[in-house]
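Once you have looked at the hints, place chain B on chain A.
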Amino acid sequence: MSSLNPSRTAASPRAWRELERASRRENWGRAWYKFSHNPLSVVGLITVATIVLLALLAPYVTPYPEHAGPFTDFQNAKQPPSLRHPFGTDVVGRDVFTRTVFGFRFSLTMGVVVLALVVPPGVLLGLLAGYYHGTWVDTLIMRVTDIFLAVPPLILALAIASVLEPNLFNSMLAVSLMWWPWYTRLVYGLTAQMRNEYFTVSAEIMGASRWHILFREILPNCVSPIFTKMSLDMGWVILIGASLSFVGLGVQPPKPGLGTMVANGARYLPDLWWIALFPALAIVVIVLGFNLLGDGLRDLFAAEEI
Amino acid sequence: MATILEYRNLKKHFTVGYRDLRRRRPITVKAVDGVSFHIQEGETVGLVGESGSGKSTVAYTTVGMYAPTAGRIEYRGESIYRNGRRPAHLKKEIQIVFQDPGSSLNPRHTVKQILELPLRIHRPEVGNRLEETARLLEMVELPLEYLYKYPRALSGGERQIVAVARALAAEPSVILLDEPTSALDVSVQGKVIHLLLRLQRELHLSYLFITHDLSLMRNVADRVAIMYLGKICEIAPTQEFFQAPQHPYTQMLLSAIPVISEEEERLKPEKIVPTGEIPSPVNVPPGCSFHLRCPYRMEICAQVDPEMIQLTPGHFVRCHLYPDGPPTLESANGDRHGTDQGHVPEPRGHRGL
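Going down the list, the sequences are from chains A and B.
Residue numbering for the first sequence follows the working numbering, starting at 141 and increasing by one per position.
Residue numbering for the second sequence follows the working numbering, starting at 640 and increasing by one per position.
Isolated chain A (complex conformation) (with noise of 0.2 Å):
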């Protein structure tokens, strides 16, 4: 370490550049090395990767990119699972394979959009209401939140998408809606507490500003919680986005809506088992992926506390 110790006389600014970097390769490969000991939170990292890069790269990974939209080859229609066409076609011919790969484009755009909507707002508003914790500001805030929370998600989902167009933008918006009160709650909770934390009042007795409160001392302290919660999200919504997929209302044909390919799959069950099937395992595999990998960061920030 003492090579690392830029001494008084000869602190120059590459020495502190040095130690600054040494200092958070250290932090990180202490977060990595508790992370990587649980293997089910493992699991759920590569499950979520492979999601991912499936879904950005399908065009190039998906035998039959051409059958994502509206294709049709009767002469192959409702072949079961082969190597030519792994999870089967469905009644018009297209691979359920390639169909289930775009799928996850849409499902993991309604988790990214849906959560970008939700957790600025939620999150701000539950800082404000923790920091004025007792007053009229959190008052007003919660009783809001409360009202938009005694609402179940999906009922108020199907209310919009009815009402408006039904499409994924409408789905995801009426997702949002309803979304953002737990991340309000969640921090909320986080900030009541941590402003009677003595480093919050010593901050506020040194006379720092409100804004240095909230967002330098008070948000740093709710990121891993709101992580841990975004990744468990994500899952949530993605089995959300397609209930209303399954329903009609979200994704609409010929795209490959997740939830669509299975509504449309269950009419033919239980002969042509595979276009149903492989889309919903799709579903579980995409949500537990996301699951197990939020345990995993719970795991790994309630080991950093100690």
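Be aware that one or more of the hints could be misleading.
Claimed, not checked - Label-pair distances were calculated between CB atoms; the ranges are:
no.	chain 1	residue 1	chain 2	residue 2	range
1	A	Thr275	B	Arg664	23 to 33 Å
2	B	Gln679	A	Gly329	40 to 50 Å
3	B	Ala895	A	Val284	24 to 34 Å
4	A	Val284	B	Gln679	30 to 40 Å
5	B	Gln752	A	Ile287	16 to 26 Å
6	B	Arg837	A	Arg161	27 to 37 Å
7	B	Gln752	A	Ala171	16 to 26 Å
8	A	Leu193	B	Ser690	58 to 68 Å
9	A	Ala442	B	Ala895	36 to 46 Å
Said to hold, decoys possible - Heads up, simulated DMTMM-like pairs for lysine to aspartate or glutamate below, C-alpha to C-alpha not over 25 Å straight-line:
no.	chain 1	residue 1	chain 2	residue 2
10	B	Lys751	A	Glu344
11	B	Lys751	A	Glu337
12	A	Lys174	B	Glu784
13	B	Lys788	A	Glu344
14	B	Lys751	A	Glu158
15	B	Lys731	A	Glu158
Derived by calculation from the structure, the hints in this document are not laboratory data.
Backbone N, C-alpha and C fix where the C-beta goes; we use that ideal spot for every residue, glycine too.
Quick look at chain B alone, frame taken from chain A:
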């Protein structure tokens, strides 16, 4: 030496509930109830008391965590509160070190980030903050690579030293130390105390040292004040405080300090056995708050709260045993105490414990 911090009849009452549904009769805790003392430049004043005696509340009121209910706190003659707010330069001049360094340092900030906050707020003129944080670490004798460590990677003592460095970063003139060593291992306590004393010498700091460890005060404080249920019972220069304690409560505390040898035992004040329990701060007894436990209690004690009087220069005591100044030999005869053995808490010249 000039007075740097002065407390004038400071009161802090908390409303903890109501006795009736219409919220007409509040239940108040008189955490601090009329405290007056001062701290001089470069001096350490020890504020000692049991848990719940209000000693921490005095510090918290000084740094603006609570607004005082009544009374004044003056920094070099200037009131700390102006329309309920503290001016920025007073936030700089008066710093605090909390008891538990585990919670007073943000777990998500590196030591460098922790030390930079006071620099950004109070010393914007510092151009190279990295150099300055390094200088601070050097001043408290921590290795420089600690700059990029998180508090959880440090030991309890090191964390507390970082908390001290953070207080120093603002270049204050007064530091309130709220039991800075009671959360630490005994082996580390000495190190932190030595550091604090060295910093005080080098930077000419004034300390308000809050603790419940009386024997520590003997070596650290210039003057010691004893608090009981929100009031100061006795305040005296350290040597006099330990050699000639006057208030029955002080005598009780000093006689309760555990010692190792028989020789030390003989040096201690006569054993005073307290009777009764500490009253609840919600329900402070009338008259002298200590009268329920006092071995010398008189009729007047249950009715009238005694005034603070000066016995010898700098030695103040708040007790009915001393109605008119220092006790003389005649007035010290049993009759005034109503006890036969007539133990008089006269100066008896105990030497060190």
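Worksheet item: Within a Cα-Cα threshold of 25 Å, do Lys751/B and Glu158/A meet the stated pairing?
Response: Satisfied, since the Cα-Cα distance of roughly 15 Å is no more than 25 Å.
| message | The hint says 23 to 33 Å between Thr275/A and Arg664/B; measuring C-beta to C-beta, is that right? | response | Given a distance of about 25 Å, which is inside 23 to 33 Å, the answer is holds.
Cβ separation of Gln752/B and Ile287/A, checked against the hinted range 16 to 26 Å: Given about 39 Å between the Cβ atoms, the range is violated.
Take a quick look at whether Lys751/B and Glu337/A sit within 25 Å of each other, Cα to Cα. holds (20 Å)
### Query
Taking the beta carbons of Gln679/B and Gly329/A, is their distance inside 40 to 50 Å?
holds (46 Å)
Check whether the Cα positions of Lys731/B and Glu158/A lie no farther apart than 25 Å.
violated (33 Å)
Outcome for the supplied range 36 to 46 Å, where the beta carbon pair is Ala442/A and Ala895/B:
Roughly 43 Å apart at Cβ, these two residues keep to the hinted range, so it holds.
Take a quick look at whether Lys174/A and Glu784/B sit within 25 Å of each other, Cα to Cα. Holds, because 23 Å separates the two Cα atoms, which is no more than 25 Å.
Measuring from beta carbon to beta carbon, are Ala895/B and Val284/A in 24 to 34 Å?
-> Violated, since Ala895/B and Val284/A (Cβ atoms, about 57 Å apart) do not stay within the stated range.
- prompt: Given the hint that Lys788/B pairs with Glu344/A, does the C-alpha gap stay at or below 25 Å?
  reply: Holds, at about 23 Å.
Is it true that the C-beta distance of Gln752/B to Ala171/A lies inside 16 to 26 Å, as the hint says? Cβ of Gln752/B to Cβ of Ala171/A: about 18 Å, so the range 16 to 26 Å holds.
Exercise. Given the hint that Lys751/B pairs with Glu344/A, does the C-alpha gap stay at or below 25 Å?
Worked result: holds (18 Å)
Comparing the model with each numbered hint stated earlier shows that hints 3, 4, 5 and 15 do not hold.
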